[in-house]
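Student: Each chain is listed here by its residues.
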Amino acid sequence: MNAALAIISLTLVGVLLLGLRARHGVRMDLEQWSVGGRGFSGRLVFVLMAGELYTTFTFLGASGFAYGHGGPAFYIMAYSCLAFVLSYWLLPAIWRFARQHRVLTQPEFFAKAYDSPSLGFLVSAVALLALVPYLVLQLKGLGIIVELTSYGSLDASSAIWIGAVAMTAYVILSGLHGSASTAALKDVLILAVCVFLGLYLPHRHDGGVGEMFRHIEQQRPGFLALPATGKSGAWFVSTVALSALGMYLWPHAFTATFTASSERSFRRNAMVMPLYALVMLFSMFAGFAALLQIPALTGDQIDLALLKLSIQTFDPWVVGVIGAAGMLTAIVPGSIMLVSAATLVARDLYRPARPASSDAHLSMVSRGATLLLMLAAVALTLAGGVSIVSLLLMGFSFVTQLAPALLAALAGTGAVNRHGAFAGILAGVAFVAGSATAGLTMKRLLPAAPEWTHDVNLGIVGLALNVLVMFAVSLLTRGRGRARNLPPVSPAPLR
Amino acid sequence: MKLHHWLAVIPFVLILCGSLFAARVRPFVFGLPFFVAWTIGCVIATAVVMWLVFRLDPANRAP
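Line by line, the protein sequences give chains A and B. Under this note's numbering, the first sequence is numbered contiguously, ending at residue 495. Under this note's numbering, the second sequence is numbered contiguously, ending at residue 63.
Since the hints were made in silico from the structure, they are not lab data. Where is the CB? At the ideal position from N, CA and C, for every residue including glycine. Careful, some of the hints might be misleading.
[As the list claims (entries may be wrong)] Ranges between beta-carbon positions, derived for each pair: (1) B:G41 with A:L199: 29 to 35 Å; (2) B:L56 with A:E211: 57 to 63 Å; (3) A:S158 with B:G41: 44 to 50 Å; (4) A:W317 with B:H5: 49 to 55 Å; (5) B:K2 with A:L476: 22 to 28 Å; (6) B:W6 with A:A376: 45 to 51 Å; (7) A:D29 with B:C17: 45 to 51 Å; (8) B:F28 with A:T453: 14 to 20 Å; (9) A:A415 with B:K2: 21 to 27 Å; (10) A:A376 with B:F21: 23 to 29 Å; (11) B:H5 with A:Q218: 42 to 48 Å; (12) A:A376 with B:A59: 41 to 47 Å; (13) B:C17 with A:G39: 39 to 45 Å; (14) B:W6 with A:A464: 25 to 31 Å.
Could you build all of it, start to finish, from the sequences and the hints given here?
Tutor: Laid out in structure tokens, this is it:
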């Protein structure tokens, strides 16, 4: 066993023990298991929400996107910032309704807000379609990180199985308590590793961050801005807007909202989170540094830029620490997704079929679902190809389709009813899925439109269609079921 | 709309409108490409704006 693998193994054991220890002193009923008994402090909510923000997608993806695309990579920081601004008003409103109605899952929220079990089923389908590929991506990232940083001592398949067993063990026993306690360790480690890599790699190879950018600008003029076509300004703005709207609509992010003991936590977090987003900048700096040192990576290989340059630069023990941090970016968010998906299966798919189920029985079902979901995710990871990544990108467009119905419910005007919400989500999701399957682009959709519109993110069209259908159907079916009178969006005392 | 609501519009204007112009500027500032510096500035501005929003929002006054 080399030094890198020893450090990765020790970190995994530490995380497992930390996750298992989190259950002590907690009576683990379904509410405790799935949303921490709604008693997490502001600090713990911050750690949990930041924990799900930094996945393998941001660790490998941000540096890889910077390596492969340059300036457009900054859309990740831009949309995160706008999502944090939205969270100041959005999350307290979601939290208040969930607390009043003892809601544990996202589909349950929609079902109760519109008094429509069928809407709950539709949201369940959308949530699982979006969440499972995201979980698969974490496992895929885990395999790549451990295989590379252990210098091939442990192959990707073995790493995926070991990581999956550890994750499943502490999720089944500790639920979200386990995720929250391991998220703190992960946040500290990833913060240290990203800042170190982002500053040291440019300094070591180019003499500093400024010099690195000068070299890139000399070799590839304009690479650090937005191109005139493709990932242009229109792409940047539409993708930022769409992603900001969808960030807290991922089922696991939505459910994490329910864990807070006070709505003040979200407003306080909205102040600090933008600065935390700066950590991603250092990950991108590492990607830019790799561009000058190992310029030949193409296709899926660009995601390996950060790891390949690290292996080329550092001693095995440093690579081990980087690998351990990368492993945690897969395991911690993966465990949050797993809890969210398993609770969804128990509460929104199993319970409607067996309404007499007790809380204790549902608690057992959710743990069984954890095991089944993880087995399915591992099978998809080992068998899946590029389609998983395209499914994930579609997943972002899917969850964003829930935004109009959510905002209409929170606005509480009653202008949108259950039929409108159902039809709007269905139309938006069908458009996104159909256009992705058919390879539709804005250019093919609107060939006569001005040139700049051809780069607009197609998800915007799906969202516009969603809103149009939602209001049209609500108007046509007026008086046949209104949204409940929800607490208003502006912060107000719990009613 | 109260003052703290209007303040929250600032990050949207900076990021969604400002970035379109920032992406066309070539010279470096503070040793960074203008678009990179602009994005970092937007992140810091968002944090400052959200601090002001938190301070001005009556909902955050002590109960």
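Student: All hints are to be evaluated individually against the structure, with a verdict given for each.
Tutor: To see whether the hints hold, each was checked on the structure:
The supplied range of 29 to 35 Å is broken by G41 (chain B) and L199 (chain A), whose beta-carbon atoms lie about 19 Å from each other. One distance hint, 57 to 63 Å for the beta-carbon pair L56 (chain B) and E211 (chain A), is violated here, with the actual separation near 42 Å. Checked against the given bound of 44 to 50 Å, the beta carbons of S158 (chain A) and G41 (chain B), roughly 45 Å apart, stay inside it. Checking the proposed 49 to 55 Å range against W317 (chain A) and H5 (chain B) shows it holds: the Cβ atoms sit about 51 Å from each other.
At roughly 36 Å, the beta-carbon separation of K2 (chain B) and L476 (chain A) lies outside the given 22 to 28 Å, and the hint is violated. At roughly 48 Å, the beta carbons of W6 (chain B) and A376 (chain A) sit within the given window of 45 to 51 Å. At about 49 Å, the CB distance of D29 (chain A) to C17 (chain B) agrees with the hint of 45 to 51 Å. Checked against the hint of 14 to 20 Å, the C-beta distance between F28 (chain B) and T453 (chain A) comes to roughly 31 Å, which is inconsistent with it.
In this structure the hint that A415 (chain A) and K2 (chain B) lie 21 to 27 Å apart at CB holds, the actual value being about 24 Å. Under the hint 23 to 29 Å, the C-beta atoms of A376 (chain A) and F21 (chain B), about 47 Å apart, miss the expected range. The supplied range of 42 to 48 Å is met by H5 (chain B) and Q218 (chain A), whose beta-carbon atoms lie about 45 Å from each other. About 43 Å separates the C-beta atoms of A376 (chain A) and A59 (chain B), a value consistent with the hinted range of 41 to 47 Å.
Hint check: C17 (chain B) to G39 (chain A), Cβ distance near 42 Å, so the stated range 39 to 45 Å holds. Against the hinted window of 25 to 31 Å, the Cβ-Cβ separation of W6 (chain B) and A464 (chain A) comes to about 26 Å, which satisfies the hint.
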